[in-house]
Amino acid sequence: MKKLVKHPRRLFGVAITYLILLLVAFVFLFPILWLVLASFSKSGSLYSFRGFFPTEYSFDTFVKLFTDTEMYNYPRWFANTLFIAVMSSLIGTFLTILTAYCMSRFRFKSRKALMKTTLLLGMFPSFMTMTAVYLLCTQFGLVNQHWGLILIYSAGAPMGYLTQKGFFDTVSVSVDEAARIDGANNFQIFVKITLPLAKPMIVYTLLSSFVWPWSDFILPKLLLKKKELWTVAVGLMSLDDTEFSRYAAGSVFIAIPIVIFYFALSRFLISGLSAGAVKQ
Amino acid sequence: MTAKLKQFFVKTGISVKNFFLGIGNGFKTLPQRLKARWNAFVSFLKNADGNVVASCLLMGLGQLFYGQWAKGLIFLAVQAVFVLFFVFIGAKGLVGLFTLGTVESNAWYGVEGDNSVIMLLLGILSVIALILYAVVYVANVKDAYKTQCAYDSLKTPPTFRKELSSLLDRNFYKVALALPILGVCVFCVLPIVFMILIAFTNYGGTTVPPKLVDWVGLENFGKILTLSDFAPTFFKIFGWNILWAVLSTFINYFAGLGLALLLNRKCVKGKVFWRLFPILAYAVPGFITLLGFKFMFSYGGPINYYITQAGGSAIGFLDIDAKWSSRLIGLAVNAWLCIPSSMLLATGILSNVNGDLYEAARVDGAGPWKQFTKITLPYVLFATMPVLISQFIANFNNFGIFYFLRGGLYIDGYFLASDTDLLINWLYNMSIDNNYYSIGAAISIVIFVVTSVISLAVYVMSPSYKQEDTYQ
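Here the protein sequences come in this chain order: Z and S.
Its first residue numbered 89, the first sequence is counted upward by one per residue in this note's numbering.
Its first residue numbered 129, the second sequence is counted upward by one per residue in this note's numbering.
So that you can see chain S by itself, here it is in the shape it has in the complex (with noise of 0.2 angstroms):
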């Protein structure tokens, strides 16, 4: 190992245990910081007075007794409607949350019977509310400990309207981050939320509404790992999974380095004209290049084609029995569209490298390999590393090609899904074609632990988010 990647190990490793060091210091500090909060709330409690006990029994009242009438009854109405909502719908949605429904339906007695899903659902909406009820309460009860202080104090409260006019200046960003954090919420939160409880859940199979769905604990976790149907399909995709993601990810990394390197050398005249050809097939949309490719290698094709007229026989490239050359193509098709991203992003740091460095060694009589392997790697390596990290994790979860390639195949052996699909593909198979949400709901948390581990813990190193202020 060179000094320079030596360093950077010793750096990561240095990360890591911040990382986790930060963590302890957290929960050394906690009970200091609990104690704080706890002394605060205890000056609230005595110094309390008749208004802010009246918000704390009904939002707004305080306000109102402090002759903030604009205030008071904006509080009033969101109480109204919070009550309101629970009383007709919230209620219903947590005890439903539940018991997923206790009434199945029976079209011959002509009972309309519960609909788990839309229970599971309004259950999720009603703890959502809940919290952002618990939260508006307790800005309500400190807002009217706040006006209380500033009496304390002889001070004048800020107006209705001053307090307003602050949303649109210190306070904008509470404003402006409500809408985005809104879509988040329901678009991107509320189906991981869902999909995490439904891998609790029977829901699956047999098992949709209008039949009622059950509470079921870990039990898809172990189907997976154990039963025969699901675990060794489980295993051997697994595997597979993780050869095609390390595979993919070396070769594209070091064919769009070795590439980058190529267009670098001084030698080559018209860089712009060599570089359009792989931005060329970067632009052009994935899905256009995947069905291309499938037809290029389909019986009709003109590699078949061409096999036929030297005198072969057709060869089902993709076919059902075609293991490994379906694999070695899917390898050859996924750096095809990867390759020219990873060279534009290896072009993009080797501007950075240091001219002097190359200068120097070779001075000292180092060659070209020793110069690439002593200057050249420690440095693309040190920079690009969560870039490396996150290719990894999306060739890990690269639902498009084999769903192009070999898409609907199913092999003996493996459980609805073919020897070259993914996880990702699996689970498609499974929840979308045939309905076993919980499995696939299952599958897919497996797939978030371990790629969210991976990259939460790599963000937290990279230098971009500890620097972070530095550039300002």
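In isolation and in its complexed conformation, chain Z is listed as follows (with noise of 0.2 angstroms):
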């Protein structure tokens, strides 16, 4: 402390930091906070609410958007986007980690074509391709299916899997030599090695493969047309000003597993991010 009084202008340089720092946090915090404060607001309208906060506060909105289902059915729009999400997450880890151990520990001749084309292919943005998906999808009966939704999200799962190449390119192949001088073939040393080495790259793929499904609103909005049959995304996405709180409550109820999740993995995100991965 004696130091910076004896340096005013370093004291000055440690007060305007803060001053950005404090800025900043408001500046994120702020509108998350404003959300949350409003899906405890007891009238559900944005006119009722004086600027950013609301006339009153109550638990009530939580309690309607599970009990008044008639209109906006958020429990089943849940229900959608858990089972979608899951089952996507589910496929779509396990072709990515095949696709991952393969490139990794396999020199074949197609191998750098391979890798370059899956480059190309994943420059393309999935929803450039959103009206050949939408046509096909309305030729193969998928429109209002929610496997065809899981079917487009697991197979295009596989594009992402330089992380997990990367991580299987770190665990060292001289276990591998072992076993197979011990007679293990392949694919033994896959299931018996590789996968329980793995591990923390399969929970973290699984719950990454998870996010996508659960916060898209592209595809549902194109593919899933019938109203019971939404996803949470795109039932919010049909609230208007009057049910400003019911939108508020809604989001902050899907949106806490995934902060827990992010907040958990906060370590991989900056090497995942390295990677070249980009949020939309």
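Since the hints were made in silico from the structure, they are not lab data.
Heads up, some of the hints might be wrong.
[Said to hold, decoys possible] Here chain S is said to cover these stretches of chain Z; the calculated rule only asks that three of the stretch's residues, wherever they fall, bring their Cβ under 8 angstroms from a Cβ of chain S:
| id | stretch |
| --- | --- |
| 1 | 101-111 |
| 2 | 239-249 |
| 3 | 283-291 |
Note that CB positions come from ideal geometry on N, CA and C, so glycine has one too.
Both chains are sitting in their own frames, so use the hints and assemble them into the complex.
Structure representation (structure tokens):
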């Protein structure tokens, strides 16, 4: 402290730093805080608010969210989202881990070509082909089908195998070689050695391939035309000004698992981002 | 320019040069490689015995003559399936790919016509089947020839059981990759092929089944560039799209870097605590925050509440005539969404900078600004170049922002679009909401060409691709 007092310029710098940090924290926190407060508002309409703050607080909106389901069937939407996200996460993770393992451990003729192709395809944002996907789904009868969404999500998942491949690259191959000397084949090595070693990566893949369908709005909006089939994202999009606090409550409820997941994995986030992933 | 940055650009230039040189070398050695192939083929023709010829004529026959019953029967069965497929579906599909249907349906006369879109799809599937057949056929001939070679050199060829077990070992990747590749082909490649083909038809508008669709060549691209309906809108939107991508990438990148640097300062206590807020913003699903911001700037929203309280009249921030205010709000909201991720990225990279460099710079009397421009910036720029490019592309195709903030607005002077829409939004409006399928497909090809050329070049240049094997 004494040191700081001796250097008024440095003290000024520290003060400015903290001021900016406070401002940044406020800017990022406030909109979220606003939504959380709004979810505890007694009246639902945006017009009854005094600026950012509800006139009266209560727990009613959350109760209404799950009981008043005639117009807006939130529990149903929630179940749909959960079903789609869990199924696509399971299938997608299975495919991604297999792909990453093969790309990391095998050297075959078409490997480089395959890697370049996936990269090229990956640069095609999935929704850029949405017209084609939409038309194909209408032809194959996948519109208004949850399985259609699940197939699209999980089939696209192996395209993001690079993070997992990077992980397998770092796992030493000496264990594999020891097992091979003992007579194990590649399949046994994969099941008995690589998979147990890759447990943290599997968990990470499961969770991150859960998040995408959980928070996607483009595909469900495109393919689910019936109200009772909607996911939460499509459902919340249909709410207008007068149902503001219902939207806020629904958002808070669906955001909580994701927020917990991100905080639990914030260590992974940095490396995952450096691998080239960008949030939409 | 600092030395490091200069070096970076020199390096980049060299990589570009090497990339093209690599392509050139590929072509230069092409005659050689072709010759080797040809020689192998000639020796195959000379040496192949009757059994191999039998395999050439009918898949699996040669294997049967060699007494490899299981393999031979499998190949025969595959052959039968393909023949049946082509007799009943494939041939019609291939013809349909060219004609896209010849009989228009007529309810009056009870004529059930051709559905051009289904014919197009069947055509693509038939071509895929044909390629698959070729692959299996070549594998079958190669297999028979390998057996012959084994007998010629007095070895016994591997038994069927051994070959099966190799699928779990040496060839495990073939089994494991089959399913992912199939999925990617059906749900990623097929739509892309379908979309590319549609761009060369007149599918859309009133020309949808049961009407017949036709091939029109490059007409759609010409329409985008010249037709008075599309061309002005296309160029206006393209210009704004470029501006948007540059501005938002720039803002997000440098704000994120600045925030990371701020948090990295020695005097900041509780870095984890301060970092929580951006991560919180990052964690909330995008559609929630986008809807939230839309409510915030709406007529009944809190911002307008305070404006009216202060005696002003409510402002339509996102209204039809609010071009620049909605653009600025879009930039700000996008910054709110993207700065956290670029901050996390910069934090990860800054932790790898060698601290000694700063110490040395301080001894030499360099101020904080000098240190930033001469050490931090070149290093971070170098490390994040590929990510920066992919962020640029993601921003270029940022569908969500204006879809939520200002979706569904059509403005005078624009054809089915508003002055904040990006190409991707226009594409959506045209094809999903208004059935202009072929024009939409042409637009997405334009976007794809622009983005994929950039990204592939950058990826090939990036160190992570070149030095991939050094880490293992």
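How the hints compare with the structure:
1. 101-111: With 6 residues close enough to chain S, the hint holds.
2. 239-249: Our answer is that it holds, as 7 residues pass the Cβ test (under 8 angstroms) against chain S, meeting three.
3. 283-291: Check failed, 0 qualifying residues.
Against the hints set out earlier in the document, a violation occurs for number 3 only.
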